[in-house]
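Participant: Chain order of the listed sequences is X and E.
100 is the number that my numbering gives to position 100 of the first sequence; each next residue is one higher, with no gaps.
In my numbering, each residue carries its 1-based index in the second sequence increased by 1000.
Hints are supplied without guarantee of correctness; some may be wrong.
[As the list claims (entries may be wrong)] On the chain E side, residues computed to face chain X include the following (Cβ under 7 Å): (1) Q1023; (2) T1026; (3) L1030; (4) Y1096; (5) L1106; (6) K1109; (7) V1117; (8) H1119; (9) A1121; (10) A1129; (11) L1134; (12) Q1139; (13) G1234.
[What the hints assert, rightly or not] What follows is a list of derived Cβ distance ranges for each label pair: (14) S1073/E with R107/X: 46 to 54 Å; (15) S1149/E with R107/X: 46 to 54 Å; (16) E1183/E with G112/X: 29 to 37 Å; (17) D76/X with R1224/E: 36 to 44 Å.
None of these hints come from the bench; they were simulated from the model.
Don't be surprised by glycine CBs; every beta carbon is placed ideally from N, CA and C.
Number of protein chains: 2
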Amino acid sequence: MEEKTDKSTGVLYLIGLGLSTEQDITVRGLQVVKRCKHVYLEGYTSILGVEKSKLEEFYGREVELMDREAVESNSDEMLLAARTAEVAFLVVGDVYGATTHTDIALRAKEMGIRVEVIHNASIMNACGACGLQLYNFGQTVSLCFWTESWQPDSYIDKILLNKRNGMHTLCLLDIKVKEQSEENLIRGRKIFEPPRFMTVNQALEQLEQIVRRREDVRDVLDLRSTCVGLARVGQETQCIASGPLEELKSFDFGPPLHSLIIPAEMHPLEIDMLRSFNVKQ
Amino acid sequence: MEEKTDKSTGVLYLIGLGLSTEQDITVRGLQVVKRCKHVYLEGYTSILGVEKSKLEEFYGREVELMDREAVESNSDEMLLAARTAEVAFLVVGDVYGATTHTDIALRAKEMGIRVEVIHNASIMNACGACGLQLYNFGQTVSLCFWTESWQPDSYIDKILLNKRNGMHTLCLLDIKVKEQSEENLIRGRKIFEPPRFMTVNQALEQLEQIVRRREDVRDVLDLRSTCVGLARVGQETQCIASGPLEELKSFDFGPPLHSLIIPAEMHPLEIDMLRSFNVKQ
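Extracted from the complex, chain X is given alone in its bound form (with noise of 0.2 Å):
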């Protein structure tokens, strides 16, 4: 049924800015943070294409940055606040990207407060800006950083599947924000490395890797299979280019955030579009 609605005089609202700019907020998101006591930016499951002080600026707010502990071990002070007061969560993207949100909104019903959501664009719809149609997509898989002993490939199973049976697959490529190297980890240091975004050439470089580790995909994906690398989708300085993997690999998408796409077979419409994105034109 609706979204429960009791005597708590607060709302919290979880609003979604888009994916380039402090413009990208819709007007009705912009009037509501205008007025809110307490703004808060999720700030580690994506980025924007400003800083946070652009945002304050634009907003006449103080925005509070959380990073993941922030989210994970403080939200129950932004919950509590929003029992009482009107309380803004910003998320870079849609709202309901991540399942932390749906979490925390989640715990928001449970603690009797209202909840409202203003929707934005993300990747997940965004990404139709290469031609490729939204409705072909199967389901959505994430790529992380591999390290000398950690090369999760199980991705690529999804991969198959959804290519298999004429589905294309997004790949969210790894976002890493206040990581701690493994020795400050453990000495409990506090000290954070430089964020990493994982590009498109990173994540072409693991699916060649697991083409020429395990046969059993060849038939469905090898080096001259087609991808498409998206770079700041929706930004003035949007990056959209596809090839046969082995050539993409090498293509300069310049900075974050990164997302490729692996296409199943393809309508003739979806070819002529991303034709026009083909790297070697």
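We have chain X; now place chain E onto it with these hints.
Facilitator: The following block gives chain E in isolation, referenced to the frame of chain X:
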């Protein structure tokens, strides 16, 4: 590679309007619309919660409504205008939700017109509001109104494929705007039927009939299967309800637009979130 630019001085802006009111356009989108010389609104693949006049007042611009016929036959006029002027093509939801829009973007690019996209929320990502995680969705299906003699049900195979492989299915429900009756069509009379929007209930009745007819679907889908109905997602009167097919079928979701989700196996967080929308509460 990147969107082509050439010496044409005009721009075609494809602008997503989001899902609810005139206030759901992004701040950047609004700035652009306000300065465009021509503003067109695509009006047959989806609807906003407000009238065109409300948009015109908000933009301070005349808005030309384009029905299917106008988009298919008169979009040349729009593209010609975009060669020398700033032209906005407004789409409810996000820009690349329908093949028609991809086609327009492609034709514009081929004519050397600069194309800029301003993304927004669409049902494709906002359906995450029910708590089912977007990355677990498989391909999207479209249900159209059945007639006595035309009852296509091939979409069920996509639902089954998704569900068997742990993927939820978003079902987009038919919209009939400016349709002619068979008689009026034959006689060439431009008399149009009132708009029709498929309800969750009508969609579930189709599914029920398919379940009764086709034994082969019953190991995956039956009258006890959990379904999720969504109405007016992102609007103030949003209504989400979940429950077994046979119970949800008689639930009143109110005015359009409606969508339906057939969930596959769910994660605990998805179950918790969906429970808050249970029809039996």
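Participant: Take the hints in turn and mark each one as holding or not.
Facilitator: Structure-based check of all given hints:
no. : hint                            : result
1   : Q1023                           : holds, 4 Å
2   : T1026                           : holds, 5 Å
3   : L1030                           : holds, 6 Å
4   : Y1096                           : holds, 3 Å
5   : L1106                           : holds, 5 Å
6   : K1109                           : holds, 6 Å
7   : V1117                           : holds, 6 Å
8   : H1119                           : holds, 3 Å
9   : A1121                           : holds, 3 Å
10  : A1129                           : holds, 6 Å
11  : L1134                           : holds, 5 Å
12  : Q1139                           : holds, 5 Å
13  : G1234                           : holds, 5 Å
14  : S1073/E with R107/X: 46 to 54 Å : holds, 52 Å
15  : S1149/E with R107/X: 46 to 54 Å : holds, 51 Å
16  : E1183/E with G112/X: 29 to 37 Å : violated, 56 Å
17  : D76/X with R1224/E: 36 to 44 Å  : holds, 38 Å
Hint violations for this structure: number 16 only, all remaining hints satisfied.
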